[in-house]
Amino acid sequence: MQKQKKPFWQDRRYVPYLYILPNMVLFMVFMIIPIFMSFYYSTVQWNGLGKPKFIGMQNYVYIFKDTVFLKSLFNTFLFTALSVPIIMVLSLLFAMLLNTKIPLRGFIRSAIYAPAVVSTVVVGTVFTWIFNDQLGLINYIINIFGGKAIQWMNDTRFAMAMIVFTTVWQRTGYNMVIYLAGLQGISRELLEAAEIDGATSWQAFRHVTLPLLRHTHVFILVTCMIHSFRSFDLIYTMTRGGPLNATKTIVMYVYEQAFNKNYYGRASAAGIVLFVIMMVFTILRNRAEKED
Amino acid sequence: MKNIFAMEPNERKHFLLHVLGFLFIFLMALVALFPFYWMLVTAVKPINEIFAFPPKLWPSQFIWSNFATAMERANFPVYFKNSFIVTASSTIITVCINLLAGYAFAKYDFFGKEFFFLLVLSTLMIPLQVTMIPVFIIASKIGIRNTLLGVIIPPCAEAFGLFMARQFISDIPNELLEAGRIDGATEFTLFSKIVVPNVKPLISTLVIFTVMWRWNDLQWPLIMLSNDEHFTVQLGLSNLNAAQYVNWNDMMAASLISVIPVIVVFLIFQRQFVEGMASSGIKG
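Heads up: the protein sequence lines correspond to chains A and B, in order.
Position in the first sequence (from 1) plus 28 gives the number in this note's numbering.
Position in the second sequence (from 1) plus 8 gives the number in this note's numbering.
Hints may contain errors.
To be verified - Rough simulated footprint, nothing fancy, chain B against chain A, three-plus residues with beta-carbon under 8 Å:
no., segment
1, 42-52
2, 60-70
3, 148-161
4, 253-266
Stated by the list, open to error - Only pairs whose alpha carbons sit at most 27 Å apart, straight line, appear in this in silico DSSO-like list of lysine-lysine:
no., chain 1, residue 1, chain 2, residue 2
5, A, K81, B, K149
6, A, K318, B, K121
7, A, K289, B, K149
8, B, K64, A, K176
Derived by calculation from the structure, the hints in this document are not laboratory data.
All values reported here derive from a predicted model rather than from experimental measurement.
In this text, a Cβ means the ideal position worked out from N, Cα and C, and glycines have one as well.
Could you build the full structure based on these sequences and the hints that come with them?
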């Protein structure tokens with residue numbers, strides 16, 4: 029008897045292609061093709077209308093001479109260098125404290141995690157209000173201690189500090205939870221052994237806990253750095269990169285060049301620079317993972 | 009509680025450190041919660057107390073109707089409706105396409121499998137800023153710019169969901185699927201009756217991630233949309249925040265309301281989400 033032929037949507041040879049089709053089409057159109065287009069756009073002069081004009085590497089030459097781009101690059105690194113270490117130290121400290129027997133443990137953990145659930149825009153609006161120069165709470169507190177009110181939104185010296193503070197508030201709880209998971213993986217016996225050998229709690233922390241959290245450190249460091257290099261919503265909501273570019277990061281620069289000024293070529297070139305930096309992070313992370 | 013004066017010096021030092029540690033972390037918990045309290049208090053204050061300096065930490069009266077007033081102003085109902093449409097559709101699409109593709113990558117052998125998977129995986133680290141200009145142009149060409157469809161569809165091309173789905177579905181025993189085949193189930197029945205019911209933690213994880221990301225996202229809607237009638241909540245809030253005159257009553261009320269859907273989804277799916285995180289071994 030001849031085996032009945034199945035229609036192709038029930039044939040095991042064709043089914044997987046059908047299943048991956050929607051995903052792959054989306055990927056092709058909105059991810060893979062755009063990546064190649066982006067490299068192409070970075071070599072043309074184009075304002076979105078008319079024909080793009082090929083100009084080779086001139087966009088890259090231009091942005092590396094553009095003081096605003098260099099400032100954005102500097103600000104991106106500054107923002108990362110300020111916020112990531114503070115977030116890491118605080119989240120580890122909080123995790124250590126919550127890993128002991130203290131009252132209200134569950135409540136405190138949830139409270140510190142809570143900011144992670146809220147959208148960055150909401151965080152930005154609340155802190156815009158808290159940092160308000162005339163009516164804000166922070167200036168009120170400064171006032172109580174006899175200081176002079178700070179124009180957080182308009183003072184180039186303080187705007188970045190405000191962004192960093194807000195980022196730390198938002199991101200610490202999330203990373204604390206990851207550190208807590210890491211701490212719970214450390215066996216009690218190791219710490220007890222250190223104690224029996226006469227180690228102080230600082231020594232036990234320094235020589236047992238800290239090295240054993242190596243993987244967690246790397247994971248948090250890399251995710252925090254990626255996050256801070258990519259972050260857009262907070263700066264857009266609070267300062268739009270101002271005052272006088274004091275909080276402008278590469279991401280803001282790309283957005284502005286593309287969608288406010290219609291310099292698609294320059295914006296693409298700046299995007300590619302960001303892409304290269306991210307690739308370096310990825311390579312570093314992969315190397316760190318391989319070493320273990 | 010033990011008498012602190014009856015302790016050995018060493019033990020006393022330890023105890024005091026413990027107390028200090030507790031006080032510190034408790035204070036930090038209050039710092040973390042304070043902005044939420046401040047949002048609420050600002051939202052329900054009488055308007056003249058917003059302009060009071062020093063700020064009033066406790067309002068003289070709670071005007072709960074401020075929430076209703078805020079919703080009536082600045083098109084917020086439209087923003088919320090748009091955000092609901094965007095988030096719900098994106099979540100459904102993400103779950104469907106990733107379950108299907110994840111199943112194919114986990115349980116079928118086909119030509120080009122490794123290639124396709126690596127292709128997707130290699131995009132995991134690509135920042136949006138690299139692709140956003142071309143995607144913006146493509147969206148304009150196919151006519152979905154400045155529509156909700158344009159907000160919904162392009163970000164669905166995202167590697168994380170597929171990666172998780174494949175990981176998860178790999179754990180389903182092959183025997184289960186073979187038994188289904190012997191019983192004469194069609195290929196799609198295998199998927200709908202065996203795979204889907206077995207990956208509920210995966211679905212919860214995808215739902216939580218997608219809802220949190222899409223509901224909270226600002227950058228993509230900002231690029232895609234130019235008409236107020238299409239704005240999402242985040243886009244509306246962000247624009248109002250940058251306005252010359254900000255009505256803090258309305259802003260804080262709308263902000264608070266905008267947080268609720270995410271928290272609800274989080275609470276509904278949380279238990280399975282935690283299971284999903286634990287069994288997939290992915291942190292964060």
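Hint by hint, here is what the structure shows:
no.	hint	verdict
1	42-52	holds (count 8)
2	60-70	holds (count 7)
3	148-161	holds (count 11)
4	253-266	holds (count 8)
5	A:K81 - B:K149	holds (19 Å)
6	A:K318 - B:K121	holds (25 Å)
7	A:K289 - B:K149	holds (20 Å)
8	B:K64 - A:K176	holds (20 Å)
Figure legend: structure checked against the earlier numbered hints; every hint is met.
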